[in-house]
Amino acid sequence: MATCRVIFLFFSAFFLLYTSQLAIVYATDPTDGFVELPFNTSFYHIQKPYNLPVDQRYSFVDGVHKLWVYSTDNPLSRNSPTMPRTEIMIQGYIYSSGVWQFEGYGFVPNGTSGVCIVQVFGASLPHNTTLMLRVYNGSLTYFEQANVLVHSIYDRWFRVNVIHEVAASKLKVYIDGVFTFEAAGRGGNSHYFKCGVYSQVGDSYYMESRWKGIKVLKQM
21 MATCRVIFLF
31 FSAFFLLYTS
41 QLAIVYATDP
51 TDGFVELPFN
61 TSFYHIQKPY
71 NLPVDQRYSF
81 VDGVHKLWVY
91 STDNPLSRNS
101 PTMPRTEIMI
111 QGYIYSSGVW
121 QFEGYGFVPN
131 GTSGVCIVQV
141 FGASLPHNTT
151 LMLRVYNGSL
161 TYFEQANVLV
171 HSIYDRWFRV
181 NVIHEVAASK
191 LKVYIDGVFT
201 FEAAGRGGNS
211 HYFKCGVYSQ
221 VGDSYYMESR
231 WKGIKVLKQM
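Residue numbers (UniProt numbering): 21 to 240.
Keep in mind the hints are simulated off the structure, nothing from the lab. Some hints could be false.
[Unchecked claim] Using 25 Å as the maximum straight-line C-alpha spacing, the simulated SDA-like pairs for lysine to any residue come out as follows:
1. K192 x L57
2. K235 x V55
3. K192 x K235
4. K238 x Y115
5. K232 x V74
6. K235 x E56
7. K86 x Y125
8. K190 x T149
9. K190 x G53
10. K192 x Y225
11. K86 x Y174
12. K238 x V74
13. K235 x Y115
All chains should be built: construct the whole structure from the sequences, respecting the hints.
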């Protein structure tokens, strides 16, 4: 009887291991079922402090976008009440329906904190934006500091995928290909993606993020 139990436990363990390996092999990528759209300088522009030239807050070298801003910088326009920012605004794909996705590989250096690095812009009042991914003290958060999605993101490249299902009013966030968070939408008639650095409450003096492999995709 003991021998039968050992055999049963052995095969049970083997089955669990086998099925878990199958799950890994057949795990879907967040971009499956989406079509990559053209993306070049005609589809985006750089938002930066209004009194500075672009090259004082942005560079593009060897396929890497580097964006930085200081907490003492001016906003994007003279009369804007918003905080300082340097962001890639993807105005070439403003959408009001469908299922859309942003993909990019981000890098945040140690010390950058109190900053938004990804946005799905557009929402119903009193909100302005549907989704923000922020960095506080090395953790990636959904909006406020308490909503931690991933710890320890400083000084490493990480993959970000954000899927926005407009009709379903639903957003999904994947970090490094792993489903991490789902959030409800916030309404709004038009949306677009942004990435970079946008100062928030509790910001560090210097804020920087780097991006490569930026893609906009749509479910057809």
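Query raised in the report: Taken at face value, is the distance from the CA of V55 to the CA of K235 at most 25 Å?
Result: 10 Å, holds
**Report entry** Pair hint outcome, K192 versus Y225 [Cα-Cα no greater than 25 Å]
**Finding:** 31 Å, violated
Requested in this report: Quickly compare the C-alpha distance for K192 and L57 to 25 Å and report which way the hint goes.
Outcome: Holds. K192 to L57 sits at ~19 Å (cutoff 25 Å).
**Report entry** Pair hint K86 and Y125, alpha-carbon separation not exceeding 25 Å
**Finding:** OK: K86 and Y125 at ~12 Å, within 25 Å.
Query - K190 paired with T149 [C-alpha distance capped at 25 Å] - result: Holds, at roughly 14 Å.
Query - Pair hint outcome, K232 versus V74 [Cα-Cα no greater than 25 Å] - result: 18 Å, holds
Query raised in the report: Has the given pair, K235 with E56, been kept, meaning a C-alpha gap of at most 25 Å?
Result: Answer holds: K235 to E56 is near 7 Å, not above 25 Å.
Query raised in the report: Within 25 Å, alpha carbon to alpha carbon, are K192 and K235?
Result: 16 Å, holds
Query raised in the report: Given the proposed pairing of K238 with V74, does the C-alpha separation stay at or below 25 Å?
Result: 29 Å, violated
Query raised in the report: Between K190 and G53, does the CA-CA distance stay at or below 25 Å?
Result: 17 Å, holds
Requested in this report: For the pair supplied as a hint, K238 and Y115, confirm whether the alpha-carbon distance does not exceed 25 Å.
Outcome: The given pair, whose Cα atoms are some 10 Å apart, holds under the 25 Å limit.
Query raised in the report: Is it true that the CA of K235 sits at most 25 Å from the CA of Y115?
Result: Given pair K235, Y115 holds - Cα atoms ~15 Å apart, limit 25 Å.
Figure legend: structure checked against the earlier numbered hints; hints not met, in rising order: 10, 12.
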